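Undergrad: Here is how the chains run, residue by residue.
There are 2 protein chains.
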Amino acid sequence: MLTLYHTPLSPACRKVRIMLTEKELNVDLIEEDVWQRRLDFFKLNPSGEVPVLMGEGGIVVCGGYAISEYLEEMYPEVQFFGNSLEEKAEVRRLVEWFDGNFNQEVTHNMLFEKVFKHLYGYGEPSSEAIRAGKRNLSYHLDYIAHLLSHRNWLAGDYLTLADITAAAHLSCLDYLGDIDWDLQQATREWYALIKSRPSFRYIMEDRVTGFRPPAHYADPDF
Amino acid sequence: MLTLYHTPLSPACRKVRIMLTEKELNVDLIEEDVWQRRLDFFKLNPSGEVPVLMGEGGIVVCGGYAISEYLEEMYPEVQFFGNSLEEKAEVRRLVEWFDGNFNQEVTHNMLFEKVFKHLYGYGEPSSEAIRAGKRNLSYHLDYIAHLLSHRNWLAGDYLTLADITAAAHLSCLDYLGDIDWDLQQATREWYALIKSRPSFRYIMEDRVTGFRPPAHYADPDF
Chain E
1 MLTLYHTPLS PACRKVRIML TEKELNVDLI EEDVWQRRLD FFKLNPSGEV PVLMGEGGIV
61 VCGGYAISEY LEEMYPEVQF FGNSLEEKAE VRRLVEWFDG NFNQEVTHNM LFEKVFKHLY
121 GYGEPSSEAI RAGKRNLSYH LDYIAHLLSH RNWLAGDYLT LADITAAAHL SCLDYLGDID
181 WDLQQATREW YALIKSRPSF RYIMEDRVTG FRPPAHYADP DF
Chain R
223 MLTLYHTPLS PACRKVRIML TEKELNVDLI EEDVWQRRLD FFKLNPSGEV PVLMGEGGIV
283 VCGGYAISEY LEEMYPEVQF FGNSLEEKAE VRRLVEWFDG NFNQEVTHNM LFEKVFKHLY
343 GYGEPSSEAI RAGKRNLSYH LDYIAHLLSH RNWLAGDYLT LADITAAAHL SCLDYLGDID
403 WDLQQATREW YALIKSRPSF RYIMEDRVTG FRPPAHYADP DF
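Line by line, the protein sequences give chains E and R.
Oh and the first sequence: position 56 is 56 in this note's numbering, straight run, nothing missing.
One gets this note's numbering by counting positions in the second sequence from 1 and adding 222 to each.
Simulated from the structure, these hints should not be mistaken for lab results.
Incorrect hints may have been included.
[To be verified] Computed list of lysine to any residue pairs in SDA-like fashion (alpha-carbon distance at most 25 Å, straight line):
#1 R:K339 / E:Y143
#2 R:K356 / E:N101
#3 R:K339 / E:S127
#4 R:K336 / R:R260
#5 E:K43 / R:S371
#6 R:K339 / E:E128
#7 R:K336 / R:R429
#8 E:K114 / R:Q326
#9 E:K43 / R:D379
#10 R:K265 / E:A145
#11 E:K23 / E:L2
#12 E:K114 / R:G322
#13 R:K265 / E:N152
#14 E:K134 / R:F334
#15 R:K339 / E:A132
#16 R:K356 / R:M426
#17 R:K336 / E:H108
#18 E:K23 / R:N305
#19 E:K134 / E:V208
#20 R:K339 / E:E105
#21 E:K23 / E:N83
#22 E:K117 / R:N323
#23 E:K117 / R:A351
#24 E:K114 / E:R135
#25 R:K356 / E:F112
#26 E:K117 / R:R357
#27 R:K336 / R:D400
#28 E:K43 / R:H368
#29 R:K356 / E:G123
#30 E:K43 / R:A367
#31 R:K356 / R:A367
#32 R:K339 / E:R131
#33 E:K43 / R:G378
#34 E:K134 / E:L147
#35 R:K356 / E:A129
#36 E:K43 / E:P8
#37 E:K117 / R:E350
#38 R:K356 / E:Y122
#39 R:K245 / R:S418
Here the structure is a predicted model, which is why all the values come from computation and not from measurement.
Input sequences plus hints: build the corresponding full structure.
TA: Here it is, written out as structure tokens:
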């Protein structure tokens, strides 16, 4: 049995949970309130961050990068990185782009400011950061639409970790009501397909105290 | 022949260049001034960022994550991710930590503010960001020292991509004179070992117009 330490509104945790479900792996989920800075959790991951996976044989794997590569190598039956070197390069380019650029310019500015900053005791949200996040979101959504204008999925012809990573970020922002789907028809159709997968639907059931998602949030036919 | 588009003071580019040299691969280096936003370069990498590798058979691989994994899979004779699943997990945990947390909290605050912000035309450096970067650097260096207190190399008994990634970041900060090595004896000894490798020494020869590194910068016996 695998164990995953996670927190609900974390794109990296959502990505790993989707991979686990898609690979049909049973996992024991433990919600870790990272902002509590629990000493025993720092012994598992010195950065004190989620996700942390305890795998078979007691292996401890920390962080979305290490866990996703570990799951792909250890349980290769269902693959998410593509097959050829070209496909893998394209998947990893997009994963790095979402977990790097998109995270820094959008997710961090909105999700961290609105939800986690207070929990960590770092003070009030910065309205300037949130505004910058919204501005950046708009042109990053344009890039997703651009990819979907000549591909069925973000990295090519089928679902890969690029789609899962992007959808994990968007789902957290959507929970906060920060995406205007009316402006994003192609992206909305792509996201609806992902949302309708069982691996994604169970994540949509998470609720975070103090934040209620908009009505369309968990609806696959939104 | 491989071709790498790079810019000298980029940790991600330095990491890839070190891997290429350590793997004894011949590469044609092209310096790309990313802030010029050259249209033909955006056709290679839609994010307009370096590093971009053109590999055998015309494959285009974008970003430090995709390139490092590609080089490891394509040219496995000299390995940088460790051998066991445990080692790989530890290497990737640290790589993500340096390219994620360390980059966001330290490198971006210092290198981007001091060097790239002006080149991109984003205005004057923020002294507040630079101060935050220095503060964060101090406790992140403590973490490196902590790792080296019970290991020869950051991820274990031998040099891995974790060391290369960390040294790539530190070398860019050191170019700007931002590291007080007198306070970091263990880290200094580890960094001196990396600096003395031929793969690293040739990177030390890079110079950036308008910025002169401190006297100790390229000296392996600093």
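Undergrad: What are the numbers of the hints that this structure violates, sorted from low to high?
TA: none
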